[in-house]
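J.: Protein chains in written order, with my numbering: chain A, 1 to 467; chain B, 1 to 467.
Nothing false has been slipped in among the hints.
Restraint-style ranges between C-beta atoms, simulated for each label pair:
| # | chain 1 | residue 1 | chain 2 | residue 2 | range |
| --- | --- | --- | --- | --- | --- |
| 1 | A | Gln61 | B | Leu108 | 48 to 54 Å |
| 2 | A | Thr135 | B | Ala291 | 27 to 33 Å |
| 3 | A | Arg22 | B | Ser466 | 42 to 48 Å |
| 4 | A | Ala112 | B | Arg409 | 25 to 31 Å |
| 5 | A | Thr135 | B | Asp134 | 43 to 49 Å |
| 6 | A | Glu412 | B | Val130 | 37 to 43 Å |
Calculated from the structure, these hints are not laboratory results. In this text, a Cβ means the ideal position worked out from N, Cα and C, and glycines have one as well.
There are 2 protein chains.
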Amino acid sequence: MSLPLSLPERCALPEGFLGQLRERFGAALQTADAVRTAHGSSETHFATILPDAVVFAGSTQDVVDTVNLCRAARVPIVAFGAGTSIEGNASPVCGGVSLDLTRMDRILAINAEDFDCVIEPGVRREELNVRLRDTGLFFPIDPGANATLGGMASTRASGTNAVRYGTMKDAVLGLEVVTPDGKVIRTSRRARKSAAGYDLTRLYVGSEGTLGIITQITLKLHPIPDTISSAVCGFASLKGAVDTVVQSIQCGVPLARVEILDAMQIRAVNRWSKLDYAELPTLFFEFHGSAAGVAEQVELVRSVAEANGGGDFLWSNLPEERSKLWRARHEAYYAAVNLRPGAVGWATDVCVPISRLAECITATHDDLAGSAIPATILGHVGDGNFHVVFSLDPNSPDELAEVEALNGRLIERALDMDGTCTGEHGIGLGKQAWLEAELGEAVDVMRAIKRALDPDNLFNPGKIFSL
Amino acid sequence: MSLPLSLPERCALPEGFLGQLRERFGAALQTADAVRTAHGSSETHFATILPDAVVFAGSTQDVVDTVNLCRAARVPIVAFGAGTSIEGNASPVCGGVSLDLTRMDRILAINAEDFDCVIEPGVRREELNVRLRDTGLFFPIDPGANATLGGMASTRASGTNAVRYGTMKDAVLGLEVVTPDGKVIRTSRRARKSAAGYDLTRLYVGSEGTLGIITQITLKLHPIPDTISSAVCGFASLKGAVDTVVQSIQCGVPLARVEILDAMQIRAVNRWSKLDYAELPTLFFEFHGSAAGVAEQVELVRSVAEANGGGDFLWSNLPEERSKLWRARHEAYYAAVNLRPGAVGWATDVCVPISRLAECITATHDDLAGSAIPATILGHVGDGNFHVVFSLDPNSPDELAEVEALNGRLIERALDMDGTCTGEHGIGLGKQAWLEAELGEAVDVMRAIKRALDPDNLFNPGKIFSL
Numbered sequence: 001m002s003l004p005l006s007l008p009e010r011c012a013l014p015e016g017f018l019g020q021l022r023e024r025f026g027a028a029l030q031t032a033d034a035v036r037t038a039h040g041s042s043e044t045h046f047a048t049i050l051p052d053a054v055v056f057a058g059s060t061q062d063v064v065d066t067v068n069l070c071r072a073a074r075v076p077i078v079a080f081g082a083g084t085s086i087e088g089n090a091s092p093v094c095g096g097v098s099l100d101l102t103r104m105d106r107i108l109a110i111n112a113e114d115f116d117c118v119i120e121p122g123v124r125r126e127e128l129n130v131r132l133r134d135t136g137l138f139f140p141i142d143p144g145a146n147a148t149l150g151g152m153a154s155t156r157a158s159g160t161n162a163v164r165y166g167t168m169k170d171a172v173l174g175l176e177v178v179t180p181d182g183k184v185i186r187t188s189r190r191a192r193k194s195a196a197g198y199d200l201t202r203l204y205v206g207s208e209g210t211l212g213i214i215t216q217i218t219l220k221l222h223p224i225p226d227t228i229s230s231a232v233c234g235f236a237s238l239k240g241a242v243d244t245v246v247q248s249i250q251c252g253v254p255l256a257r258v259e260i261l262d263a264m265q266i267r268a269v270n271r272w273s274k275l276d277y278a279e280l281p282t283l284f285f286e287f288h289g290s291a292a293g294v295a296e297q298v299e300l301v302r303s304v305a306e307a308n309g310g311g312d313f314l315w316s317n318l319p320e321e322r323s324k325l326w327r328a329r330h331e332a333y334y335a336a337v338n339l340r341p342g343a344v345g346w347a348t349d350v351c352v353p354i355s356r357l358a359e360c361i362t363a364t365h366d367d368l369a370g371s372a373i374p375a376t377i378l379g380h381v382g383d384g385n386f387h388v389v390f391s392l393d394p395n396s397p398d399e400l401a402e403v404e405a406l407n408g409r410l411i412e413r414a415l416d417m418d419g420t421c422t423g424e425h426g427i428g429l430g431k432q433a434w435l436e437a438e439l440g441e442a443v444d445v446m447r448a449i450k451r452a453l454d455p456d457n458l459f460n461p462g463k464i465f466s467l
Numbered sequence: 001m002s003l004p005l006s007l008p009e010r011c012a013l014p015e016g017f018l019g020q021l022r023e024r025f026g027a028a029l030q031t032a033d034a035v036r037t038a039h040g041s042s043e044t045h046f047a048t049i050l051p052d053a054v055v056f057a058g059s060t061q062d063v064v065d066t067v068n069l070c071r072a073a074r075v076p077i078v079a080f081g082a083g084t085s086i087e088g089n090a091s092p093v094c095g096g097v098s099l100d101l102t103r104m105d106r107i108l109a110i111n112a113e114d115f116d117c118v119i120e121p122g123v124r125r126e127e128l129n130v131r132l133r134d135t136g137l138f139f140p141i142d143p144g145a146n147a148t149l150g151g152m153a154s155t156r157a158s159g160t161n162a163v164r165y166g167t168m169k170d171a172v173l174g175l176e177v178v179t180p181d182g183k184v185i186r187t188s189r190r191a192r193k194s195a196a197g198y199d200l201t202r203l204y205v206g207s208e209g210t211l212g213i214i215t216q217i218t219l220k221l222h223p224i225p226d227t228i229s230s231a232v233c234g235f236a237s238l239k240g241a242v243d244t245v246v247q248s249i250q251c252g253v254p255l256a257r258v259e260i261l262d263a264m265q266i267r268a269v270n271r272w273s274k275l276d277y278a279e280l281p282t283l284f285f286e287f288h289g290s291a292a293g294v295a296e297q298v299e300l301v302r303s304v305a306e307a308n309g310g311g312d313f314l315w316s317n318l319p320e321e322r323s324k325l326w327r328a329r330h331e332a333y334y335a336a337v338n339l340r341p342g343a344v345g346w347a348t349d350v351c352v353p354i355s356r357l358a359e360c361i362t363a364t365h366d367d368l369a370g371s372a373i374p375a376t377i378l379g380h381v382g383d384g385n386f387h388v389v390f391s392l393d394p395n396s397p398d399e400l401a402e403v404e405a406l407n408g409r410l411i412e413r414a415l416d417m418d419g420t421c422t423g424e425h426g427i428g429l430g431k432q433a434w435l436e437a438e439l440g441e442a443v444d445v446m447r448a449i450k451r452a453l454d455p456d457n458l459f460n461p462g463k464i465f466s467l
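Here chain A stands alone, though its shape is the one from the complex (with noise of 0.2 Å):
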């Protein structure tokens, strides 16, 4: 299901190769059933796959001989962190090595000054706040999952406060990154802004471990804001609810985050996270700023939504009811999932212009409206970025098909409105016909690329597109 046209084939490793790895890497070279399956699957719909072996890498100097005995023998490298990614992006779907790069967590810098910091790909975003909290500063991406900064990088990921922060694209100053020849090069320097030359960063960003193993990550921080204010308001309408966020950040509300949550998100949410709010149309609001600054923003905001229909503001400003309203956001996916006892979760996204944004979800929301299978929407509604969540009989080949028929409309539906088919989530094994239909050939640029640093085609092969 959803795979891409043309997959290369499997090969059996070659002779002789687990051997080599196991001299080398010794304990951190694994090859149990449990391993490889925890390696092989996804939290999404996608088939399991295995890889041959998993090694477990602990430093740049571990991925560069992985790389070169991968090479040597003409073995597949795939890159692998928390294992969260939604489209497949990590599955190794030609078998070879899974590179996990879990052990790679420790943060080798904190330049407050200079509002960055040095890590290694397999620190995860909520421990990597946990250790900056007494420098007054933070790292703001947050795609709702505990991802690895390294995975974060690979799908160029965003999340709940893009809208304000930008995506991992905005949030990386430069990457140290072991390419398909074995060599370690940096990206950029620590300056905040360089012409010099192109822009490799920016290109690793978002290649899903296609082009090289990314070692090291250069992260712009940002202050803690002197005042963070929380609230959800529910609306009588899903178009009521997108209208306030377009016009709120039409009028220049600089919004740190404002989630969508449609009438069935909100049920999920409510029978998940023992929670009780009403089940409407309803917004989870974000404010960052000086004291005067939020009053003003709030204010503003406050007066647009009643203007849409929306209800009161509830309001969480104590940091643990924070807390609490987030898990519960970020618990929306499981939440989703679960309307169905033994379902398995199909998670999609698209982004469309603000200005299409209300007439884009709606239509959708119509669309899955006439489906029995449970399907949610939510959002990170201030970029025109909304995904839908479908709970999924895991064994029914036609629930599979009616949920690749509304996911390719809404795919269609965002594409005609100059939108893109994934926000955030990637290429990866699911939108590869839709990447085509979307750019076109500059499809082809992207092969070329491909080709020119990975003459082999090793480096998560049958990703992003066919070659």
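Chain A is fixed; fit chain B onto it per the hints.
T.: Just chain B now, with coordinates in the frame of chain A:
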């Protein structure tokens, strides 16, 4: 002087090529000396090198046809905009066709609700803002010169308010590009964010015309702030001025612009723009926001400035006063060059982590003080980015050698601080050796991309790196 390590050889045009161009383009093909000279000379110290011919493109199809004719005849093609680049970026060092894009100056769409517009590459930034005025939106990036947006995208320009609004990499939402094989591609749709494949937008931004010709640009726009307030403040020392900026940023003040001018630069500006600022290290500020927000910012910055030896703030709150102030800043380059009659300018730029900025600027100031050649320091200090402008006797090889040495020491100093050899001017001809020093083997990755996308090396050959 400052030429790349090895230039491709300049060949005579193949027989019949000019006839083919003439047949296709008629009067839009020009070969007169005056026109060729205008397309082969530079505002800085680089020697004039004439193209063989100039094509004035009026449409994407004109660009496609020029590319196809050049490719068939293996003739170099160099995109040309306003001619305001600093590092010889558009110099036709291998001859061939200079492709002038200034007639492609239409604004194709203004999508006010989506905060974006679609333009042709020959639109100049001042004209764009005049055309946007009625929408309540503006385009913030301001490199000083009234450059074309195509040129700004190609050099990854930034300028006075990048500290708040980012650089061209942040401002460009998508591009239409004519590739070296004559295809017209679009690098992205108009959604605010996307995770769909490699980030080709960011690859072309900053590639200085070496990978393709930009024929359309979708730009992000911003709401004109309610309140704009500008001020000038002199300081007892350069270090005090720099520390004021760094500390203000560390306090989270969202400065919209903050420019440093050393005492020599103030002297030049006073003479050239008929002003009477005290000849001290000086900051030019601009604050954007709501009335209350700006008041908050100003109060904080004033107290920081006072603690760092700053004098009174001279305010310019009326639009015409603000224009006068920023015109003086924009003319700073010409003011500096004209410190000596008959001089030519050599403008260099570096960018360092802001924690090292005071040290980098003061060490540079001390180094310049040991030279008799007039030189000024000015810069976008909020980013850690500053320029040195030398006022050079064009007929003195000794002065040239001395500036080359001063420039080299400046860049080495910046690289030692983990900075970059160019914050915003690009590599062009002048910084090629320094790009290698800065990024080492990463430059080989750039070369591989260049070879893959432009295998005949016809697009702005001899720039950024040797092949």
